[in-house]
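Throw the hints in and build the complete structure from the sequences for me.
Protein chains in written order, with my numbering: chain A, 1 to 257; chain P, 1 to 243.
Simulated from the structure, these hints should not be mistaken for lab results.
Treat each hint with caution, since some may be false.
Here are some of the chain A residues that sit facing chain P, going by a computed Cβ distance under 8 Å [what the hints assert, rightly or not]:
| hint | residue |
| --- | --- |
| 1 | V69 |
| 2 | S104 |
| 3 | G172 |
| 4 | Y240 |
Pairwise CB distance ranges (calculated) [as the list claims (entries may be wrong)]:
| hint | chain 1 | residue 1 | chain 2 | residue 2 | range |
| --- | --- | --- | --- | --- | --- |
| 5 | A | G26 | P | E107 | 21 to 29 Å |
| 6 | P | R118 | A | Q192 | 35 to 43 Å |
| 7 | P | L41 | A | A150 | 52 to 60 Å |
| 8 | P | L91 | A | R6 | 34 to 42 Å |
All of these numbers come straight from a predicted model, not from anything done at the bench.
Idealized CB from N, CA, C, for every residue including glycine.
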Amino acid sequence: MKFRLRIWKQASGDAAGAFSDYEVDGISPETSFLEMIDTLNERLTERGEEAVAFESDCREGICGMCSMVINGQPHGPLPGTTTCQLYMRHFDDGQPITIEPWRSGAFPVLRDLMVDRSAFDRILESGGYVTVHSGPKPEPNANPIDPEVAEESLDAACCIGCGACVAACPNGAAMLFTAAKVSHLGLLPQGQPERWERVQNMVEQMEEEGFGSCRNYAECEAACPKEISIKFIGRLNRDYLRALREPIDRHGPMDSQ
Amino acid sequence: MKRLLLLYRSIIGKKVIAAVTGAVMMGFLILHVAGNLKAFLPDAAPGVPDIDVYASFLRTMGEPLLPYTTLLWSVRIVLIASLLLHVTCVLQLARRNQRARPVRYREVRHVESTAPARWMLYSGSLLLAFLVIHLLQFTTGTIDAARFVPSGVYGNLYRAFHEWGYVAMYVGATVLLGLHLYHGAWSLFQSLGLDNPDRNRGLRQLAMVVALGLSLSFASVPVAFSLGALGPPPAESPKLALR
Chain A
1 MKFRLRIWKQ ASGDAAGAFS DYEVDGISPE TSFLEMIDTL NERLTERGEE
51 AVAFESDCRE GICGMCSMVI NGQPHGPLPG TTTCQLYMRH FDDGQPITIE
101 PWRSGAFPVL RDLMVDRSAF DRILESGGYV TVHSGPKPEP NANPIDPEVA
151 EESLDAACCI GCGACVAACP NGAAMLFTAA KVSHLGLLPQ GQPERWERVQ
201 NMVEQMEEEG FGSCRNYAEC EAACPKEISI KFIGRLNRDY LRALREPIDR
251 HGPMDSQ
Chain P
1 MKRLLLLYRS IIGKKVIAAV TGAVMMGFLI LHVAGNLKAF LPDAAPGVPD
51 IDVYASFLRT MGEPLLPYTT LLWSVRIVLI ASLLLHVTCV LQLARRNQRA
101 RPVRYREVRH VESTAPARWM LYSGSLLLAF LVIHLLQFTT GTIDAARFVP
151 SGVYGNLYRA FHEWGYVAMY VGATVLLGLH LYHGAWSLFQ SLGLDNPDRN
201 RGLRQLAMVV ALGLSLSFAS VPVAFSLGAL GPPPAESPKL ALR
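This is the structure:
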């Protein structure tokens, strides 16, 4: 197969970027999308040209590193997959393919298709934890959890933090990511002690990072390689509203005046 | 109050404010259209269109407990506050959203979002512009002041909707309203955290019913006048006295 590629090239975060056109042929339909770029890079290197920088790690759809917007869709046209799980047989022979990095003010471009996603790490640091006591560990099954609740929590925990939700959102919002992280702990009994603090802290950090606001387009849900539902955004909103209750002193006397 | 300020400061809170104020305005529109449809009722008394009686009732409701137009103005104040909050919050968020994506994509493929959802800012801005004209026309009577009769609602409608320009503008506004509510009437539940998989289908259908219902019933009055289905106002209408 043969493809005409138009790829975003940017030497560094400060440098101005532009699109470069490439052509690759002799690509087998069973080649994965990343292998196709690997092939392109090998040929570019052989010719003494600069390779295209992109991120990848596990190449089996669970690490969330392979961030690129392919023909206007994060992770490409196939629903529920990461870029590494996308194969060239999903494209037509000779098809022009435009590849861009995640576009978000909170994800500055490092080089070409690589962006800095540490904004997500900081959101996680602000509330993605539970208290665990340091004594002897209790028997795991001593704390019964309804299987439905556990499943729902796992649905949220599927998030691999790839950032496709931000990339797909017309507003550049990180609501689906934050909602998934808030919900996967907030649904479980172990996550209850910090539940209200967590949602406030994570939302606050999300705002600080400069992500946009949610307009309920649901583009994030469609782009998510783990198909995480926007129902978690509804849950985030609900938890956030409950967390905003003014603290009431419940320990002092109930004054008569 | 403190909680309201906290809400106003956060981006989720601003969405909540937009949702609640949107719901208030939507509720008002349902009452508004119920009033409009009185144009189709037969005259309340010979020479007195029913809608004129209703208009005067809106001013006297609450009497004698409340002074003249007190209740009307209370509602107006709530609506003005809602509109201001709605527009302010939405515009602040829109500016933030622009900053959140400083470099735009060369290619974008929308998968899940509906066109009315993506047009919310446009439909909203146009509706705001329409609202200004609408109030100048039928509330203050500034437009066409020479022929405007404060108590003669039916006559005012009759005169305005025999000009095709106004009919087109009002029908256009109802289409915009329908598009705005098709997304807004569902979106508000999601913003408030009230949507979930059990209710989603129902809420989406509710939004469709509200959007279509309001659009069609609002459009019916100007269309009926322009097609001649609603006749001229009673010739010697003894105008209901407005204080």
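Here is how each hint holds up against the structure:
| no. | hint | in the structure |
| --- | --- | --- |
| 1 | V69 | holds, 6 Å |
| 2 | S104 | holds, 6 Å |
| 3 | G172 | holds, 3 Å |
| 4 | Y240 | holds, 5 Å |
| 5 | G26(A) with E107(P): 21 to 29 Å | holds, 26 Å |
| 6 | R118(P) with Q192(A): 35 to 43 Å | holds, 38 Å |
| 7 | L41(P) with A150(A): 52 to 60 Å | holds, 59 Å |
| 8 | L91(P) with R6(A): 34 to 42 Å | holds, 35 Å |
Checked against the numbered hints given earlier, the structure satisfies every one of them.
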